[in-house]
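A.B. asks: Using the sequences and the hints given, assemble the complete structure.
Residue-level listing of the chains:
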Amino acid sequence: MSNPPKQMFMNWEKQSLEKCKRYQKVDPMENYVRQSQHLLMTIFAVFLFTSLVLLIAGAPPFAAYFHIFKGSLGSWNKFAHVIKAWIPLTLCGCGLLFTFRIGLWNIGVEGQVMMGAVFTTALLRFGVDSCQAVVFLSVSLLAGMIGGAVWAIIAGFLKAKGGVNEIFAGLGLNFVGQGIILWLIFGPWRRPGVASMSGTETFPIKLWLPHLASMRLSPIALTIVIISLILTGLLLKYTRIGLNLKAIGNNPNAAFLYGLKPGRFMILAMLFAGGFAGLAGGLQVSGVYHRLIPAISSNYGYLSLLVVMLSNYNIWLVPLVAFFFACLNVGSIQLPMVLQLDSSLSGVIQGALVLATLGMHSWRKRWLQNMRPNA
Amino acid sequence: MWIELQDIHKHYGPVKANNGINLKVVPGCIHGILGENGAGKSTLMKILSGFSHKTSGTILIDGKAVNYLNPAQASELGIGMLYQDPLDFPLLTVLDNFMLGQIKRISGHRLAYRHKLLELAESIHFSLHPDTWVKILTIGERQQLEILRLLALGIQMLILDEPTTGISSAQKETLFRALKKLAQEGKSIILVSHKLEDVEALCEKVTVLRQGVVTGEMHHPFETNRLLEMMFGSPPKSLSRCAETPGKEVLAMNRVSGSGGRTGLKDCSVVIRQGEVVGLAGLEGSGQGVFLRIAGGIQRLTAGSIHLIGRTMTKQDHHYFQRLGVAFMPASRLEEGLITGLSITEHIALREKQKPFVVKWQRTQRLAGKRIKKFRVKGLPDSLVDELSGGNQQRLLLSFLPPDPVLLLLENPTRGLDMESVIWVWQHLYAYCRNRTSIVFSSSELDEILMVADRVLVFFNGRIIKDVESSQTDVHELGKAIAGKV
Chain H
25 MSNPPKQMFM NWEKQSLEKC KRYQKVDPME NYVRQSQHLL MTIFAVFLFT
75 SLVLLIAGAP PFAAYFHIFK GSLGSWNKFA HVIKAWIPLT LCGCGLLFTF
125 RIGLWNIGVE GQVMMGAVFT TALLRFGVDS CQAVVFLSVS LLAGMIGGAV
175 WAIIAGFLKA KGGVNEIFAG LGLNFVGQGI ILWLIFGPWR RPGVASMSGT
225 ETFPIKLWLP HLASMRLSPI ALTIVIISLI LTGLLLKYTR IGLNLKAIGN
275 NPNAAFLYGL KPGRFMILAM LFAGGFAGLA GGLQVSGVYH RLIPAISSNY
325 GYLSLLVVML SNYNIWLVPL VAFFFACLNV GSIQLPMVLQ LDSSLSGVIQ
375 GALVLATLGM HSWRKRWLQN MRPNA
Chain S
3 MWIELQDIHK HYGPVKANNG INLKVVPGCI HGILGENGAG KSTLMKILSG
53 FSHKTSGTIL IDGKAVNYLN PAQASELGIG MLYQDPLDFP LLTVLDNFML
103 GQIKRISGHR LAYRHKLLEL AESIHFSLHP DTWVKILTIG ERQQLEILRL
153 LALGIQMLIL DEPTTGISSA QKETLFRALK KLAQEGKSII LVSHKLEDVE
203 ALCEKVTVLR QGVVTGEMHH PFETNRLLEM MFGSPPKSLS RCAETPGKEV
253 LAMNRVSGSG GRTGLKDCSV VIRQGEVVGL AGLEGSGQGV FLRIAGGIQR
303 LTAGSIHLIG RTMTKQDHHY FQRLGVAFMP ASRLEEGLIT GLSITEHIAL
353 REKQKPFVVK WQRTQRLAGK RIKKFRVKGL PDSLVDELSG GNQQRLLLSF
403 LPPDPVLLLL ENPTRGLDME SVIWVWQHLY AYCRNRTSIV FSSSELDEIL
453 MVADRVLVFF NGRIIKDVES SQTDVHELGK AIAGKV
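Those sequence lines, one after another, are chains H and S.
Okay, so the first sequence: first residue is 25 according to my numbering, each after it adds one.
Okay, so the second sequence: first residue is 3 according to my numbering, each after it adds one.
Treat the hints as calculated values from the structure; they're not laboratory data.
A few of these clues could be false.
[Unchecked claim] As a list, the in silico DSS-like pairs of lysine-lysine whose alpha-carbon atoms are at most 30 Å apart: (1) H/K270 to S/K362; (2) S/K372 to H/K285; (3) S/K362 to S/K376; (4) S/K372 to H/K261; (5) S/K375 to H/K270; (6) S/K362 to H/K261; (7) S/K137 to S/K482; (8) S/K355 to H/K185; (9) H/K261 to H/K185; (10) S/K357 to H/K261; (11) H/K261 to S/K376; (12) H/K261 to S/K375; (13) H/K230 to H/K102; (14) H/K270 to S/K355; (15) H/K285 to S/K137; (16) H/K285 to S/K362; (17) S/K317 to H/K185; (18) S/K355 to H/K285; (19) S/K355 to H/K261.
C.D. replies: In structure tokens form, the structure reads like this:
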């Protein structure tokens, strides 16, 4: 229908214009509503699936859900714990949005969190005897970002220049990162007298990120997360970086012909991902544990991969899903005590979530494809 | 096999791709479906082959209403379709591809299938070696393989969607002879095309579609003017040619060789001048693609040197070529030309000359609306490019060309477009050469090259074997050169 008579063409244009106007006004909201619907349907499917698993395991599903709920949102203190888990999850999620956009599977995000923690610890160690704690605290967070970024750029560089798959490089670097942490804890940074799995020596209180006394929650960390979210959203939506990442992610060959350098942007995306992950690691050290411990990353990196996938790469859903995951993580600590269930149930639920999401996602894609006109 | 389509509708949202189509196909007859791009031919055929679902309507086979949901069920009923882009597995051999979809048990008897393949190929004079890799076959040969595979499945009704696009004229003859033979054997054949000459050469009956409805039917012998009228409503305008005297040297290649394609490029020396329109002719993969890619700096040369407006460019990359005003448009639209998943507006933003850090989306959207109008792309600024039809994608690609290039390198710029669109495209391109831009393009249509180019380079086996002014030559001479005879 490349050459319709004038009348039809004009009609078409009129329709297009009307549609454009509608798109400009309602589209983001409509999109958000549709995505939320999708999310609700997914969650419903997940609850069905997990209830089945719970029944097979011989546990009453509703009691289990109730205890998870109570264990995560039952008191202000527990809520504070949930937020503590939410902070690194959301930060890593922000970073991963950049790498997913360009089509990279930054599985090395876990190692990037670890290296962020290591760099932050290293800097804070210099500050133990100093009286300018504030300076050291802020510089240490910056160092954390650099640490994560360095670790990410290694993988990005291998990918862009050497063609090494970023999944393998990232996974390898995760092991190296874990090795470095253990070596530091049992070697150069060990506690005077006795080296132990409980980590390095705790920093003096002046080097702790200031927190609300009653809730052990740092408003600074919260502010950082919110700024990160807004920054990521703006960068991806309104700037050339976001557009270029998307273009390269969808078709690197065409993007090259359009004058973009895919390798450079891959490294840039990794830089962002590593920076945010490193920041998460730094906050774990200065805001939560106040020392370096072997499990400093607590698998939040890996978990954040699931968070981003479940939110369908939509930045405004990332904090919601991260919150949900944090609740599951914190709430399931209750399960062994009250229901004699294993706390790994939260892992089962999270796994089921991802499976159900991917299932729903492909179903939705097929549905959209059926709606779509073609030649 | 008698097939009757009654009142077939296919709607995609507000777009009515098929709007009440009636069609009767009788056995032993080659039935042509004619129409320009987007007339609804492909949609109708996809419905008939089970690839997509109709919105409403009835399909009768031998008088009985049938309802099938996918190509597998359609092929059980005896309907098979040869798609525009062959659906095969390039990494497998011819025999493996042939066996796919046929084996019902866990393993097939390779020897038996080998004999079957050779026997079938023999019967319709196709020459395919069972052990060749599919990835090194030409489009025409891959098409032959697909036809053989469909025949082996027991197809009674064969649908061919634009089968003559991108194949050589020798392959076309072989194909036509085979189709006539199959029709004599009592098979029904539907040929979908926008090329009048193909339909006239082959079909006994033709149905013309325009904008989703049947505008007419005609039996052999055809009246060309009547057919054109049914296709376009009014006969298309012809092209007014620009007569520019070639100016200064723009691109010079000196004994350039390169790899890639089937034959690579060997020892090529050529000079392109300002304002010249140069057509590259030759069988697909004879070196034209490599030539264009080397001329655009996308591919490195293995020997020789290349100069652009006096500068040596031998070691530069495509982005440097771009900065000097070279624009390249690839043939594969969705692999290299456009970015699936991105909207028209996003494409425009990517191609903008000024690249501010913050993208001005509203402005870009208005710009996209203007481009859509100017280039007659059927779509919205927010449409994803993969939702557009082939012809519209091509027009969109053309709209991305920079406003003041020095050299345009176009790989099959009018592939898949109907005559009217071809003329429109060239009118647009001629505006460039009035501003002293040089255009180098490849095309599989000799007529197009003769119509629009000032100069023709004929490629054979990776070499330029003929370099001639288009006014000094004709179809026969070029045809011979394409086959390697100078």
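A.B. asks: The structure should be examined with respect to each hint, and the outcome stated for every one.
C.D. replies: For each hint, the structure was consulted:
For the suggested pair H/K270 and S/K362, the alpha carbons sit about 17 Å apart, so the restraint of at most 30 Å is met. With a CA separation close to 29 Å, the supplied pair S/K372 and H/K285 stays within the 30 Å bound. As the CA atoms of S/K362 and S/K376 are separated by approximately 21 Å, the hinted pair is consistent with the 30 Å bound. Straight-line distance between C-alpha atoms of S/K372 and H/K261 comes to about 23 Å, which keeps the hinted pair within the 30 Å bound.
For the hint pairing S/K375 with H/K270, the CA-to-CA distance comes to about 26 Å; that is within 30 Å, so the pair holds. Taking the CA atoms of S/K362 and H/K261, the gap is about 11 Å. The hint holds against a cut of 30 Å. Simply put, S/K137 and S/K482 have alpha-carbon atoms about 27 Å apart, close enough for the 30 Å limit, and the pair holds. With a C-alpha separation of about 28 Å, the suggested pairing of S/K355 with H/K185 holds against the 30 Å cut-off.
For the given pair, H/K261 sits about 28 Å from H/K185 by alpha-carbon distance, which is consistent with the 30 Å threshold. Restraint check for S/K357 and H/K261: satisfied, since their Cα atoms lie roughly 15 Å apart, inside the 30 Å limit. For the given pair, H/K261 sits about 28 Å from S/K376 by alpha-carbon distance, which is consistent with the 30 Å threshold. The hinted pair formed by H/K261 and S/K375 meets the criterion: a straight-line CA distance of about 26 Å does not exceed 30 Å.
Between H/K230 and H/K102 the alpha-carbon distance is near 25 Å, which keeps this suggested pair within the 30 Å criterion. Taken as a hint, the H/K270 and S/K355 pair is honoured in the structure, with Cα atoms around 19 Å apart against an allowance of 30 Å. This hinted pair checks out: H/K285 and S/K137 have alpha carbons roughly 29 Å apart, not beyond 30 Å. Of the supplied pair hints, the one linking H/K285 and S/K362 holds, its CA atoms being roughly 22 Å apart against a limit of 30 Å.
As the CA atoms of S/K317 and H/K185 are separated by approximately 19 Å, the hinted pair is consistent with the 30 Å bound. Annotation: proposed proximity of S/K355 to H/K285 holds, straight-line Cα distance about 16 Å (limit 30 Å). Under the criterion of a C-alpha separation no larger than 30 Å, the hint pairing S/K355 with H/K261 is consistent with the structure, at around 20 Å.
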